[in-house]
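2 protein chains.
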Amino acid sequence: MGQLIDGKAVAARVRAEVKQEVERLKAERGLVPGLTVVRVGEDPASKIYVTGKKKAAEEVGFNSWEEHPDASITEEELLSLVERLNEDPAVHGILVQLPLPKHIDAERIISAVRPEKDVDGFHPMNAGKLSLGKPGPRACTPFGVMRLLREVGCDPAGKRAVVVGRSNIVGKPMALMLLQADATVVICHRKSNLAEEVSRADIVVAAVGVPELIKGEWIKPGAVVIDVGMNRMPDGKLKGDVEFAAALERASFITPVPGGVGPMTIAMLMRNTLDAAKGGA
Amino acid sequence: MGQLIDGKAVAARVRAEVKQEVERLKAERGLVPGLTVVRVGEDPASKIYVTGKKKAAEEVGFNSWEEHPDASITEEELLSLVERLNEDPAVHGILVQLPLPKHIDAERIISAVRPEKDVDGFHPMNAGKLSLGKPGPRACTPFGVMRLLREVGCDPAGKRAVVVGRSNIVGKPMALMLLQADATVVICHRKSNLAEEVSRADIVVAAVGVPELIKGEWIKPGAVVIDVGMNRMPDGKLKGDVEFAAALERASFITPVPGGVGPMTIAMLMRNTLDAAKGGA
Chain V
135 MGQLIDGKAV
145 AARVRAEVKQ
155 EVERLKAERG
165 LVPGLTVVRV
175 GEDPASKIYV
185 TGKKKAAEEV
195 GFNSWEEHPD
205 ASITEEELLS
215 LVERLNEDPA
225 VHGILVQLPL
235 PKHIDAERII
245 SAVRPEKDVD
255 GFHPMNAGKL
265 SLGKPGPRAC
275 TPFGVMRLLR
285 EVGCDPAGKR
295 AVVVGRSNIV
305 GKPMALMLLQ
315 ADATVVICHR
325 KSNLAEEVSR
335 ADIVVAAVGV
345 PELIKGEWIK
355 PGAVVIDVGM
365 NRMPDGKLKG
375 DVEFAAALER
385 ASFITPVPGG
395 VGPMTIAMLM
405 RNTLDAAKGG
415 A
Chain W
135 MGQLIDGKAV
145 AARVRAEVKQ
155 EVERLKAERG
165 LVPGLTVVRV
175 GEDPASKIYV
185 TGKKKAAEEV
195 GFNSWEEHPD
205 ASITEEELLS
215 LVERLNEDPA
225 VHGILVQLPL
235 PKHIDAERII
245 SAVRPEKDVD
255 GFHPMNAGKL
265 SLGKPGPRAC
275 TPFGVMRLLR
285 EVGCDPAGKR
295 AVVVGRSNIV
305 GKPMALMLLQ
315 ADATVVICHR
325 KSNLAEEVSR
335 ADIVVAAVGV
345 PELIKGEWIK
355 PGAVVIDVGM
365 NRMPDGKLKG
375 DVEFAAALER
385 ASFITPVPGG
395 VGPMTIAMLM
405 RNTLDAAKGG
415 A
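If you're matching them up, the sequences are chains V and W in order.
Each residue of the first sequence is one higher than the one before, counting from 135 in the working numbering.
Each residue of the second sequence is one higher than the one before, counting from 135 in the working numbering.
None of these hints come from the bench; they were simulated from the model.
One thing to keep in mind: the hints can contain errors.
To be verified - The calculated label-pair distances, taken between Cβ atoms and stated as ranges, are:
{"hint": "1", "chain 1": "W", "residue 1": "Lys349", "chain 2": "V", "residue 2": "Arg218", "range": "56 to 66 Å"}
{"hint": "2", "chain 1": "V", "residue 1": "Arg334", "chain 2": "W", "residue 2": "Glu221", "range": "47 to 57 Å"}
{"hint": "3", "chain 1": "W", "residue 1": "Pro233", "chain 2": "V", "residue 2": "Arg284", "range": "56 to 66 Å"}
{"hint": "4", "chain 1": "V", "residue 1": "Glu192", "chain 2": "W", "residue 2": "Val344", "range": "28 to 38 Å"}
Claimed, not checked - When the alpha-carbon atoms are kept at most 35 Å apart in a straight line, the in silico DSBU-like pairs for lysine-lysine are as follows:
{"hint": "5", "chain 1": "V", "residue 1": "Lys325", "chain 2": "W", "residue 2": "Lys142"}
{"hint": "6", "chain 1": "W", "residue 1": "Lys354", "chain 2": "V", "residue 2": "Lys354"}
{"hint": "7", "chain 1": "V", "residue 1": "Lys236", "chain 2": "W", "residue 2": "Lys268"}
As the list claims (entries may be wrong) - Covered stretches of chain W, as calculated for chain V (at least 3 residues, CB under 8 Å):
{"hint": "8", "region": "266 to 274"}
{"hint": "9", "region": "297 to 308"}
It should be emphasised that the depicted structure is a prediction, and the values quoted were computed from it without experimental measurement.
Just so you know, even glycine gets a beta-carbon here, dropped at the ideal spot from N, CA and C.
Produce the entire structure from the sequences given, and follow the hints as far as they go.
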């Protein structure tokens, strides 16, 4: 019977660490990290996410701003807004909440954010720095997973880590981070024999967005299971990508959904913003 | 008994394709791709490599230049040189031959090359584009391996591809290219159980720089074996990272060393330079 990984508690710890460093930065250098969230139009989910990010930013002591242009904003106007934020020395982190309206090329907007201020870690330059093993803002969700592993005493070095899913925001950066931590890394997707791969994993990270795709019986006894999936079911409940109850029987540690990886994303966004402020000061 | 993959022949084919496209570009758009190789000081190996690159560039019909500052050049002077080449519209590709003298920060120089002209594919922006699955110049050696696989009819989709080695110029970009081609990708290194991993590989790419580290008996019957290793032995001969004779017995296809992957690197550099000229025109 595995132990739960309490993402809420770890995220709170990360935020407390950030808060403490912010206080020191203020006292020693008169510097207050600033985060601007750009939310375009009225996507209801975006509103919830942005509210959570602003709340977290305020709690750790950041300056926190929201830019909220109408959905009718043109791509050029949005680029000008990003450019203004790039130039603003009080803004250390710029987060453009996705999705953007269809008439706007999201890739072009993300690439326009100055890489040092890209606290989401989505800019090609930051994806490249991760791949090359250089410091830089890291994609928040996999960065949070690395912290969870550390918290439960799981050192990936020499372990077989199987990442299911290869998205740009979770799967690929996750694989690169695990590789940098000296795991033997396997990256799987819909063309892979998942049962076979997962059954040989010391660490499983599931990030596909298919409820209970990963069967509990595939989990190797003692494995650490990280479930990044957040699938909203018809009854309104959230389910992960892993068959939780059955996996719990075999894993040493496992993240619940919700309350596992989820809270880490915002916490690591705070970490990235703090680091951007320190680096840019 | 496996078949040899004739890298020399494939590389010649790639260069012939490039040459044909160059002729068309000249005829239709009056455009001649231009490649400048920057060689600092007198490293004997660098001289040989640069000579080979210049020769290949001339053969495919590029304009080809060499900048050859003295080893005493300062970092700032070298940056100015790179900046001048960045601004020169006749130069579509800039290749800074490594290694650079110790007083120069190679990373800073590489990052100064405009990403569109970084025909080595080493710029963080281009590493990022590869990771994100976006077009851009690709690291030449793994790009060449992808072409070799295609030439022998090996489609990586759904296959288990095991990459041994995780360097920034071969292992990591190789893994990302194989992933983009829908392989299940395993990345191994010195902390991995190589015998176990290699024995389950449909495609093996060895890029570690240790002669005959990969034993022939580990090769799964029918696997495709790509040996990127080029290890100079005391007797002056080159050896790969794979125990060749024994692996040949089991593989379906295998690259020899020399004459396998080696010739592909320069050929793909020509491809990248041509693409840079087409994109930049």
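Q. Hints broken by the structure, by number, lowest first?
A. 3, 4
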